[in-house]
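Asker: From first to last, the protein sequence lines are chains S and A.
Quick note: the first sequence uses the numbering used here, first residue 1, plus one each step.
Quick note: the second sequence uses the numbering used here, first residue 1001, plus one each step.
The set of hints was computed from the structure by calculation and includes no laboratory data.
Just to be clear, a hint being listed does not mean it is correct.
As the list claims (entries may be wrong) - Covered, in the sense of this in silico footprint (three residues per stretch, anywhere, with C-beta under 8 Å from a C-beta of chain A), are these stretches of chain S: (1) 76–86; (2) 90–97; (3) 106–115.
As the list claims (entries may be wrong) - Negatives, chain S to chain A, calculated, CB over 12 Å: (4) Glu22; (5) His25; (6) Leu55; (7) Leu57; (8) Glu66; (9) Ser73; (10) Ala118; (11) Ile137; (12) Pro142; (13) Glu144; (14) Arg157; (15) Pro163; (16) Asp169; (17) Ala181; (18) Leu190.
To be verified - Derived SDA-like pairs (lysine to any residue); straight-line CA-CA distance at most 20 Å: (19) Lys1152/A with Lys35/S; (20) Lys1152/A with Val108/S; (21) Lys1152/A with Leu100/S; (22) Lys1077/A with Lys1152/A; (23) Lys1042/A with Arg1032/A; (24) Lys35/S with Ile165/S; (25) Lys1152/A with Arg86/S; (26) Lys1152/A with Leu116/S.
Note that beta-carbon positions come from the ideal geometry of N, C-alpha and C, so glycine has one too.
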Amino acid sequence: MREHSEAALRVRGLRSHYGDFEVLHEVDATFAGGKITVVAGRSGCGKTTLLRNVLRLINPTSGTIELFGRDISELEEDELVKLRPRIGVLFQNGALLQSLTVGANISVPLEQHTRLPADVIERIVLRKLQLVELNGIEHLMPSELSGGMRKRAALARTLALDPEIVFFDEPSAGLDPVTAASLDRLIVELSRKLGITVIVVTHELTSIRRIADRMLFLDAGRAVFEGTVEEAEMCPVESVRQFFAQGSSEPPARRSPDEARM
Amino acid sequence: MSDERDGRLIARQSVCSDGDRLVLAGELTRTRVPAISRELRKVPLASLRVVDLSRVTRLDSAGIGMLEGLRDGLFGKSLELRDPTPQVAEMLELFAGEPVEPAPAERTRVTVRDILETLRYVAGILIDAFILSGEIFYWSARNVVRPSGHRKGEVTEQIIVTGLNAVPIVATLSFIIGVILALQGAVQLERFGGGPFLADLMGLAMVREMGPLLTAIIITGRSGSAIASEIGTMRVTDELDALRAMGIRPVEYVIAPKMIAFTIVTPLLSILSAAVGLLGGVLVSTTFVGQPAQSFIDRALGILGVPDAAFLMLKGLLFGWAIMMTSCYCGYQVTGGAVEVGRATTQAVVSSIFAIVVLNVIFSIWYVL
C-alpha cells in the first residue's frame, strides 16, 4: 500500500468557461491522499467540468491545480503526457476503443508507456480483468459487452499502469442497482487494498453513502461544502441540505395501492 | 349535443357556443383535437369568457395546447375553465404554470457585424485546420522514425485497408473510364485521320489528369469518409479524451498511421489507375482504331517523360494528403451526436473533392507555365 501525503490534489481559485458562460467560479478544494472523495451536486452544477479541468482535458480560465506536488494548470501537453500515466480516468460510458478487443484496450497504455515484453503485458491484462471480475472476455469486442461489463473493462484499462490517483465520472450512471452496488464495492476495495486516491463524480446519493470518505459539494459552479458525508448531512447550506433531504425523506412518487389496482 | 343546455348548436358532437360561453364535450385528445379545432374555427370567439369542461371526459397535452390557443386568441382577456372532471382538473393542474414563450425567430437581416463574424469564423477554421495539419505532419514524420507512438502493425493494417482493398475498385473504374475516354477520343480523331494519336491523348490524359483524379475521388469516398466518421465517433464516445487521459496523443496514435499509409498508398494507386486506364485505351485502339497494342504502348510511353511520372506520383500524394487533412479536420469538429457524425462525413467528402479540384487547377496552371 502506498504512503500518502496529506493532499493528493489541491485546487485553488479554479475558474472555467464554456464560451462566455462561466461554469466554475473560483473553486477551492483539497482531495486527501488514499481516500475516496466524492464530488457531488445537482446536474449541471459543474462536476464533470471540474473533473475535465483537473485532468487538463480542457484548460482552466484561471486558478491553480496542484497534483503530485506541482501546479499543472499551465503545463504544456508534452509535460502532461509524461504525468498522465500516474493518473487513471474512468469515463462515464467507459470510452473503450471500439476498434480493439477488450484485451487490446487494456494493453494500450502498457504498450505506449512501457517496454514490457508482450507476454508480460498479456499477463497484466489477464490480472487486471481478474481484478474487476471479468475473466475470459479479453477476446471480445466492447460492443459485445453489457453496460456494466464495459465499465469494468474500462476500469481494468484505467488500472493497467497502477495509477496513484483514479477519477471516476458518474460510475453508476446507466447501471442497474445491483451492478452499481458491485462497482461501488470494487471502488472501495481498490482504495482500501491498493491505497489509491479516488475521486468520484456522481449525484447518486446511495452511491455516495456507500463509498465516500469525504465529499465536495458543488452548487452552480461554486464549492459550497467540503468534509465528511456525516458532516454533509448536518450541513446547513440550503443546496446540500436539499440534496440529502430529497434523497432520504421524499415520499415515493408512486400510486397508492387503490390507484394501482385501477 | 343537441340537448346542450342553452347553447346554440354549432357542431354535431364536441363544440357548442352561445357567445361568451363555449361548451366542449367528449375527449380532448390528440386524435380528436384536429377535428375540434376545425369546428372551433367556425365559431365566433371574440367575446368568449368561459369554457365549460364538465362534459370533457379526457384531456391530454394536445387538448391543453388547444385550450391555450383559445386563451391566446383573446388577446389578454381572461378565460375561465369551468367545472372540469377530476381527471381533467389533474391534467390542468399539471400544466398550470405560465406557458413558456417560444424563442424569438432568428433574425434574417444580415448586418456588417454578421459578415465580420462569418469572416472571423472562416479565419478560425483555416487557422485550426492549419494547426491540425502541422500536428499531423509532425507526428507522422516522428512516427516514421520512432514507430512506437502507435499500435504495432497499425500502418500495415492501414495500407491494406486504404490501399490493397481499394485496388479492385480503382482498377475497374480506371479501366472503364479509359475505355470511355478512348472511344470518345477515337471518334473525334478518326474524323481528321488522327487515329494513331489516340495513344498520345490517352497517355497524357490518364497520367496527367485522370489517374490521380480518379484515385483521389475513390479514396475520398472509401477512406476519407471512413476517417471522418471514425474520428467523429471517437470524439462523441470520449475515446479521444480517454487516449489523452492515458497520456497518448490522439494525433500520434490514431491519425499518424493513417497518414503514413496514405503517403505510401496514394502515389501507387495513382500509377495503377493511369496504367489500367491506358489498358482500356489499348483495348479500344486494337478493336476500333486498328492500331496494334505494342504500337499504342510505345507511342503512349514515348510522349511521356520522367517528369510526367513524377508529376503523377506527386499529384497522387498531395491529393491524398488533402483528403487526409480535410477528413481529420471534419472528424475533429464533431461535438454532438450521431447526426453530427453523419454531417461531418458528408462535409469531409464534399470538402475533400473541392480541395482536390482546387489543387488540380493549381497543378494544371503550374504544368502549363
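Asker: For every hint, state whether the structure bears it out.
Answerer: To see whether the hints hold, each was checked on the structure:
no.	hint	result
1	76–86	holds (count 7)
2	90–97	holds (count 6)
3	106–115	holds (count 5)
4	Glu22	holds (20 Å)
5	His25	holds (24 Å)
6	Leu55	violated (6 Å)
7	Leu57	violated (5 Å)
8	Glu66	holds (19 Å)
9	Ser73	holds (16 Å)
10	Ala118	violated (9 Å)
11	Ile137	holds (19 Å)
12	Pro142	violated (10 Å)
13	Glu144	holds (16 Å)
14	Arg157	violated (8 Å)
15	Pro163	violated (10 Å)
16	Asp169	violated (9 Å)
17	Ala181	holds (24 Å)
18	Leu190	holds (17 Å)
19	Lys1152/A with Lys35/S	violated (38 Å)
20	Lys1152/A with Val108/S	holds (10 Å)
21	Lys1152/A with Leu100/S	holds (13 Å)
22	Lys1077/A with Lys1152/A	violated (75 Å)
23	Lys1042/A with Arg1032/A	holds (16 Å)
24	Lys35/S with Ile165/S	holds (10 Å)
25	Lys1152/A with Arg86/S	violated (23 Å)
26	Lys1152/A with Leu116/S	holds (14 Å)
Hint compliance for this structure: hints 6, 7, 10, 12, 14, 15, 16, 19, 22 and 25 are broken, all remaining hints hold.
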